[in-house]
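For this one, chain E is given, so just place chain F on it according to the hints.
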Amino acid sequence: MYATAVQPYTCSMPLSDSASGVLASLSDDLAHAVSLAAQSVVAVHGRRRFPASGLAWRDDQVVTASHVLERDTDLSITTPDGAQHQARLVGRDPSSDLAVLSLPSATLTKVQRAEPSATQPGQLALAVGRPGTPEPIASFGAISSLGGAWRTAQGGLLDAYIRADVALLPGLSGGALVDVNGRLLGMLSAHIAGGDPVAIPAASIDGIVDRLVSGVSLRRAFLGISTQPVELQEVLRQRLGIQQTLGLMLLGLEPGAPAEGAGLLLGDIILSIGGRAIEDGEALQMALGPAAVGHPTQIQLIRGGALLHVDVVPAPRPN
Amino acid sequence: MVLDVASGAAQISGALAELTSEVARSVVLVRGSRGSAGSGVIWDQPGLVLTNHHVVPGSTADVTVAGGRRLSARVIRRAPSLDLAALAVDADGLQELAARVGQSDALRVGDLLVAVGNPMGERNAPSLGILASAPQDVLRLSITLRPGNSGGALVNARGEVIGIPHMVTGTGLALAVSTRTVRRFLSSRAEELESEDLRWV
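One line per chain: the protein sequences are E and F, in this order.
If you're matching positions, the first sequence starts at 1 in the numbering used here and goes up one per residue.
If you're matching positions, the second sequence starts at 1001 in the numbering used here and goes up one per residue.
Just so you know, the hints here were simulated from the structure itself, not pulled from any lab data.
Idealized CB from N, CA, C, for every residue including glycine.
Just to be clear, a hint being listed does not mean it is correct.
Computed, partial: chain E to chain F, Cβ under 8 Å [to be verified]:
1) Leu126
2) Ala138
3) Phe140
So that you can see chain E by itself, here it is in the shape it has in the complex (with noise of 0.2 Å):
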């Protein structure tokens, strides 16, 4: 036997007390944190391997990241004190990768959010997640970014983000991103953004949640137009009167789209649509969300360097 016949050295240089205090108060903090936003934290059982997690965004409602449910039916998740409940697909929205889910067995304990706009980027920001363990699992960085309107890997448009140099355990998918006090900042996927730890912010869940709950459809809306930015001459918006730079050329027109039907031809240069101004692609993908679906719209284009205003009624895209 080798350890057990001695005695340990007595260890004569311990840290002193004050970086000793400063750290283990930060330990603290960052243990009091995992395990405060673990209390809504939860595991969602909705694909053949390990689970996911998911987010208590109501008393009865949990909200998750859409690819992690492999099915509609036949779902559940446990609730931090073990026990598991049967749950209910409300809605789904894998353009943004966000699905809800109700439970009418389960009281929850919501999710207590960060102000907005208390966030910036180098604070200190942790990952939570419940992959089906008894206890949370956890990782630990800093918000690198947050952003504006973006496009997810699924071509979903989602009108901001949190970037954060956290790692994406397995299983984190649908997870929380919360500030060093435990507060939501975000619902993490591995998807959205082709593996990046990236989180759609609370405020944006809200809207999307809303109107899955309501029942509308999220499908975007849809023109049938290939285009291309082009350069507006100096000579011609002075003709015209106009400020705007760049409009969209119409390079091509599905046969039988809305906008074939509206009558728009090949080499028409977009303004506007709706009223908002149309100098690129992100631009009209933003003006195409789903609420412009069914909406008779007017596009300002110009044709034979003339202006000239053609309506139209956006369609739902074809899946």
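Using the frame of chain E, we list chain F on its own:
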């Protein structure tokens, strides 16, 4: 956490620097007999250095302690399945360099951890992270480690060793052997650990 931002961050920063230099006293550079290199920790028992099995493939190793002293070491126990090896170093003055060993079972998810080792040949480089899931025989860490961190010290906020980093499993993720496992490794009789491939050497 209500801290004045500047002084709070400066305090934490200074405390981490202090912790790193304290822990570094116990961290050694281990060169194996077949050209391998990694880290080791001077344990709280006379003449004992702990490292990973994979850092010391042969029966002897060369250990450089804080201050630059190079000592020869013998592998006296190893458990490949636990990725642990114990080295005996016959030298004076190790007691002052011994690590304080803590309880890995007391860790909570989210607890602050610092790994100190010799990644990519740099001496005593710290990495900051947290415990990623509930403590078990192997600790899962949210931390960025590199080759050469193997066998070094993973310490808690009080500077107590609670694990020995041994594997990187993905970007920002790593595993460490917990001190719970190290205690079992050191105190078990050979036959108790036989199923786990313990070898006396």
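* When the hints from earlier in the document are held up against this structure, which numbers fail? -> Violated hints: none; all satisfied.
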